[in-house]
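Please take these sequences and the hints and turn them into a complete structure.
Here is how the chains run, residue by residue.
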Amino acid sequence: MTGSKTIWDYVFLALVTLIYIFLMAPILLVVVLSFSGGEFLAFPPEGFSLRWFGELFSNARFLSATLHSLQLAAVSAVVNGVIGTLAAIYVVRYAPARLTNPLRLLMSAPLLVPEILTAIALLFFFFELGIGNNYSIAIQTGHIIVTFPYVFLNVCSALFNFDRSQEEAARSLGAGGRMTFRRVTLPAIKPGVITGCLFAFVISFDIFNISLLLKPVGMNTLPLELFDYLRFNFDPTAAAVATLSILVTFVAVLIVDLTVGLRSLRF
Amino acid sequence: MTTLTLDGINKFYGSLHILKDINLAIGQGEFISLLGPSGCGKTTTLRCIAGFEGVGSGRILFGARDMTGVMPEHRDLGMVFQSYALFPHMTVAENLSFGLEVRKIPAPERAARIAQVLEMVKLADYGKRFPRELSGGQQQRVALARALVIEPQVLLLDEPLANLDAALRDDMRFFIRDLQQRVGITTIYVTHDQSEAMVMSDRIVVMNKGVIEQCGAPREIYERPASLMVADFIGQSNTIPGRIREGRGADYLIETADGALSATGVAGLSGDVRVMIRPEHIVTAAGENTLTGRVRKSIYQGEDCLLHVVLGSGANVTTTVSSDNPLSEGDAVTLGFPARKSWVLAA
Amino acid sequence: MTTLTLDGINKFYGSLHILKDINLAIGQGEFISLLGPSGCGKTTTLRCIAGFEGVGSGRILFGARDMTGVMPEHRDLGMVFQSYALFPHMTVAENLSFGLEVRKIPAPERAARIAQVLEMVKLADYGKRFPRELSGGQQQRVALARALVIEPQVLLLDEPLANLDAALRDDMRFFIRDLQQRVGITTIYVTHDQSEAMVMSDRIVVMNKGVIEQCGAPREIYERPASLMVADFIGQSNTIPGRIREGRGADYLIETADGALSATGVAGLSGDVRVMIRPEHIVTAAGENTLTGRVRKSIYQGEDCLLHVVLGSGANVTTTVSSDNPLSEGDAVTLGFPARKSWVLAA
Amino acid sequence: QAPFVIPTYGGTWAKFWEEVLLPGFTKATGIQGQLDVGLGKDFVSKIRAGGAASPYSVFMGNENIAAMLRAEGFFEPLDLTKVPNAAKLHEGLMNPENNGLRGIVSPIGLAYRTDMIQTPPKSWTDLWTNPEFKGRIGLYQIGNTGALLFLRLAGKLFGSGDMDIDTAFTKIAELAPFTQASWSGEVATALMRGDVAIAPVDWTEIMTLQDKGAPVEIVVPTEGVLAYEQSFNIVKTGAAKDQAHAYINYLIDADVQSNMAKTFYTSPVNTASTVDAALAKRIPITGDAMSKIIRFDWDKYVEIAADVADRWNREIG
Amino acid sequence: MTVTPDAPRLHRRAPVWWMILPALVLLVGFLILPYISIVVMSFREASTKAVYGDGFTLAHYTDVIADPFIWGIVWRTVRTALIVTVVTLLLGYPVAYHLARTRSRVASLLYICVISPLLVGLVVRTFAWMIILSNNGIANSWMKALHLIDRPIQLLNTPLGVTIALIHVFLPFVILPLLGNLQAINPEIALAGRSLGASRMRTFFKVTLPLSMPGIQAGSILVFVLSISAYVTPAMLGGSQGRTMAVLVVQYLVDNFRWPAGAALAIFMAVITLAILVVYLRLTARAMRRLP
Ligand SMILES: Nc1ncnc2c1ncn2[C@@H]1O[C@H](COP(=O)(O)OP(=O)(O)OP(=O)(O)O)[C@@H](O)[C@H]1O
Ligand SMILES: Nc1ncnc2c1ncn2[C@@H]1O[C@H](COP(=O)(O)OP(=O)(O)OP(=O)(O)O)[C@@H](O)[C@H]1O
Ligand SMILES: NCCCCNCCCN
Ligand SMILES: [Mg+2]
Ligand SMILES: [Mg+2]
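Protein chains in written order, with the working numbering: chain P, 1 to 267; chain C, 1 to 347; chain Z, 1 to 347; chain V, 1 to 317; chain W, 1 to 292.
It should be emphasised that the hints constitute simulated quantities derived from the structure, not laboratory data.
Mixed in with the good hints, there may be bad ones.
Unchecked claim - Under the rule of at most 25 Å between Cα atoms (straight-line distance), these lysine to any residue pairs were calculated in the SDA-like manner:
{"#": "1", "chain 1": "W", "residue 1": "Lys144", "chain 2": "V", "residue 2": "Arg193"}
{"#": "2", "chain 1": "V", "residue 1": "Lys300", "chain 2": "V", "residue 2": "Glu76"}
{"#": "3", "chain 1": "C", "residue 1": "Lys20", "chain 2": "Z", "residue 2": "Lys297"}
{"#": "4", "chain 1": "Z", "residue 1": "Lys122", "chain 2": "C", "residue 2": "Tyr13"}
{"#": "5", "chain 1": "W", "residue 1": "Lys49", "chain 2": "V", "residue 2": "Gly50"}
{"#": "6", "chain 1": "Z", "residue 1": "Lys297", "chain 2": "Z", "residue 2": "Gln236"}
{"#": "7", "chain 1": "V", "residue 1": "Lys262", "chain 2": "P", "residue 2": "Asp163"}
{"#": "8", "chain 1": "C", "residue 1": "Lys209", "chain 2": "Z", "residue 2": "Phe174"}
{"#": "9", "chain 1": "C", "residue 1": "Lys297", "chain 2": "Z", "residue 2": "Lys297"}
{"#": "10", "chain 1": "V", "residue 1": "Lys134", "chain 2": "W", "residue 2": "Met201"}
Stated by the list, open to error - Residues from chain C that keep clear of chain P, each with C-beta distances beyond 12 Å, as calculated:
{"#": "11", "residue": "His74"}
{"#": "12", "residue": "Ala143"}
{"#": "13", "residue": "Val199"}
{"#": "14", "residue": "Asn208"}
{"#": "15", "residue": "Gly249"}
{"#": "16", "residue": "Gly330"}
Heads up, the beta-carbon is just placed ideally off N, CA and C, and yes, glycines get one too.
So, in structure tokens, the structure goes:
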């Protein structure tokens, strides 16, 4: 902000750089290992090869598991993006004062109870409903429930920062509740919604215990597939999977940056 | 025809009584200015009219229709917020476009109207900027343009020109007044600038501590203030305390520590009063009423000089004189003013 | 003694050249007003002085010390932001206390100073309120109080009174000026209110599009503007185009479409010029210079009436006359003004 | 008609089932199977939650886990008329009263790093006696069947029998400090990294490591080997009983078992299975050598299972 | 005249209860309802003859509460979660602050740095940490090469290893909420602090930090609760020394099939988490009330 830099600016910059490195180091390690020529998932890699990618592409199970995980994650993010945002707005804005704290706790409940117990509870529940884990309904519901609080909490915090007079301005210009929300409130809380949906997506993509018990017969999710794989084959194929997902992310982020401009998304 | 009626409005913030029984009837296309000291409840009044605040009691009518419970967006009004409340994620043009889109104005007409209004507020080249890339005054003009471009039924303007320089204020005033009269918009204008209110308004409402002190035409407010507060608040005023010796209808003879003064006022006053006289009606020469004193201070004001005079009784009187007057501190001075320019107020 | 020097300051936002070679030397305890059209760069200038913006080129000196690279917190300044920038999570008293705590003022003195300043800005009972619980004008006064309570070396005030009514403005002006002179604070005051600048300032700086147009004492700026822009911007002015027929030192005879006029100006002008005359120096009677025309509009202003007159040539001239003047639209009128009140400007 | 669900493990196991076993099964029986990948314990939860309608008709999992479900009454005895291959099973692989059979056997021997160990182990007791191993031992952690096997082995070696848990705990505690691993792959990695120099490991794992050129060796201790024994059971609450029997029968088919041996270095359970000489060198526990497997009765262990786990947590960590 | 203090009518009037409806249906219908049978189950007697016995008992709860061993693991879990929360806040705040203020052209790249760890599956990330933390792993060999240590320090299968990996895993969960929050704060407010003579430090602690409380709160609650219930990371990196309640619960439920006891253990842990959360909300409520 100010024009001049002090020694502290550089200290700060150095610190932040170190943290960025800390964030990236394991990721880079995975990438490096995926190109390893060796048989083992170990460092340093022995030579360079693309064989693990070949291994990966010859394994149809990874592909179908990835697609299944992507689908679960996308649905969780979208569904929670809608109902989590609505719930957050209700709780922060409209809920009667004596209800706000109970509601907040209820909305955070999926975070508070252990995932494995939720999984068992849902497993029972869906068998009682006669649905069992024949379809994706059980696993998808589980994913939505477990990822719900991420959207809810992030949107709540975004709403705290929002200047209400913008909404009033929109109303004064004749915009109804819905239009005001769509054109003014939503853009303002967008960082919270995006972060929430991103978390929901990522958490859903990583969920382990819920998927373990609720996955439909014959299907797998990527973490399960990877875990099962690594349990029996501790080789760099798993790293290749990760590298590929990093690559996809990177390209996606880059495209967003080049077209929309990443900063305009305001995470 | 009455378009906007405030009927016994009371408003509380917690236990603070902010608006106290506000009654006001505003005609179709009328331009009303709301004046009053900082914190007297002007913004709150606008917010109640706009529907952003519920009222503790009372009704708000648009025409004959009770609007008290109606949502702001169904009131067809335009508002300039004291804090601007621009949409930070929209460009200037998008800010203006918003209200037009709500009204389903087709795109070409929208663009034309936006361009025209931006031209009027002298921001023709700024359509693509974001609010954060504008200076304070530029932001304020965007806020104004956003409220005007929709040409609403009712305009609520909360200090819309506070951050503009005189030249721009003049232009904007003209623009507002012109649009308002052309379209016949009922306007409530909050300003701290009395001369602005004087020039623009059909009527002026003076508020004080949540109460309407006086409501009337500018000239009436200025020349025949209903209370000392109004006299003090609108324009410069000198008041000299005294006691009524004689009263015949509107004409009074008043005993003061600086001699007897003849003055006019509403009929029926008696006892302790104050005689009000505007600085510009006092000349430095004897007149129908004459006072003597000494110059305490003489302040250069560009157009003229402001003279502070202490009367014999110790009372202070100010007057303006031509900038090249020869009076300086300590000089004895004689002041005169005509009875019909004075105004008697209950003390 | 010079306390604050701007030495060839240039400032860019992206590719926009906002401040263009600003040079200014301000004396110890001097009160400088910054005037200029909206968006001309006043706020940006203050921000550069405060150290919130790096400058593209140039130096900022406090005394002899180069401050260009110094952190804002080491500049010992108080600033009132155009947007107030109050700390939303602190009460009014806590907002004021902040700067005092930084200066390690002991608690009892802190409390006393806060109480005193709050009293001055007429918010004595508001210490425990949060900014969001205040009206616009009240917030602005808190912003002012926060900057003043620390009694800094340099005060930067960005439209600090824009949202206050006349009476309060007067009080605040007095308060600022009093403190400023008592403590000897070098002050830069941004205002859109010229009369305010006239009354308060030791010198006035007029900016336009990032350039300093003129810098001088109020009277000098008003009576001998350096350019048409300054003449137009400061106060009302009438300018009549013409051509110099004869010049003797500062005295000129000028040929205009409405006849020859004698006028004064800086020596050495020739060719096409404009004769400037302030409305208040024009009387509705023949004089040293005489013009004739018709009343186009007469506007009641409280104290007086503003008269728009069209001259024979079609040029517009405004003047003020007493409120009870009998002139109305279409009336023929004769205007007069003395040569020494006029001012010749290069066209 | 829902497809017949076949549970199996992940990784190379899933791959084998998908590419070899399932097509062969369909070809042999005409039954379409739907593979479901997981671990024995995951199948348990679903069978339990399924109440009267288990999603699985056949259960696959370590025998100790199967024993628990069996105790809870979820299994029914095999109808041996529908499992003709059962007759050819090696001794001891059919549970009493036909309550499930152990269809896949992966021996557990003592594996070590050839480059880190001077004197290769001969007996399980070497773990306690050879000072060279101190601090470099790896063991399975209690969540893994391997730990239970080792625990009962310790009871048998040093105490009054494989149910002598007290002695077992005392002896295992003597081995400390040692690295604990949750599953075979993890012990293997620890071995590869050199964090561990000797450990009881799944034969499959060590053979795979050797194939990749790792300096590891595995021995059959004098007392015999332990083994992961995959138990196959008919789920009482499952729907497709006939298919389940057909599947179990196919799974223990001589050729299928030979195939598995080639792929996983498991010990064929079918007496008729053949193992070629080269392979036989690498998997010594075949044919008659199957008797070298130290086998335990898990049905009576069920009662103390929870307490043992608890005690492991507290005493071993 | 009777007057009552009035709420802003704009908001009172709107029929908005439907906004919470889908969330209520989801959480009540698919979380609370299923949990009822789980809670009931936690009071069932244990059995090896069925999933659970017929009778009811409090024993699973009393066993847990009376067991110092369990409390030890609870303490380790809570301590790890607290450390992870505090450290992620300490590390995440500078990053969020930097991202919120930077005008750097590589900003997009920095966003990627923050987001990409999230997009690499947890399992794989944890494996990477295994490779880094093991006795002969990268961390130890580099520290040896730099002569910081001469014998490998045990990182894998210790609480420390789990803590380090969890910090990495959860760092983005504080950075992103904080980032949104910091971007929403008007930068002039901090400048006002500086203009009053407060150093950047002081301005930060007195102005920016309090104003970013909503982000801090959201981020820290997320990380704390996530750390408490993290399973994959402590299971893979923790060994027995690093075992947490989540791992123990999974062991009860999945390895040992002790559903009633496992449910009781899990509910017990949830209650503790909830209690800590309520205390935390109480503590931060004061600071939050000051915000607009
Ligand atoms: N972030 C920005 N990006 C681009 N242009 C900017 C930015 N901020 C300010 N400007 C431009 O810089 C010019 C000077 O702005 P500044 O705020 O200094 O004006 P000002 O003299 O204070 O005006 P006002 O009286 O309206 O407050 C304006 O024209 C404005 O549009
Ligand atoms: N949220 C609130 N809580 C308590 N009091 C409030 C709140 N908002 C405003 N007030 C008080 O209500 C009174 C009226 O405020 P309002 O904003 O209407 O004043 P105003 O006439 O617009 O003043 P200004 O000219 O300063 O803008 C003020 O005294 C203010 O302190
Ligand atoms: N390589 C041998 C496979 C053994 C797998 N055991 C898994 C246990 C499942 N309950
Ligand atoms: Mg106001
Ligand atoms: Mg400005």
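Hints breached by this structure: Of the numbered hints, 3, 7, 9, 10, 11 and 12 do not hold.
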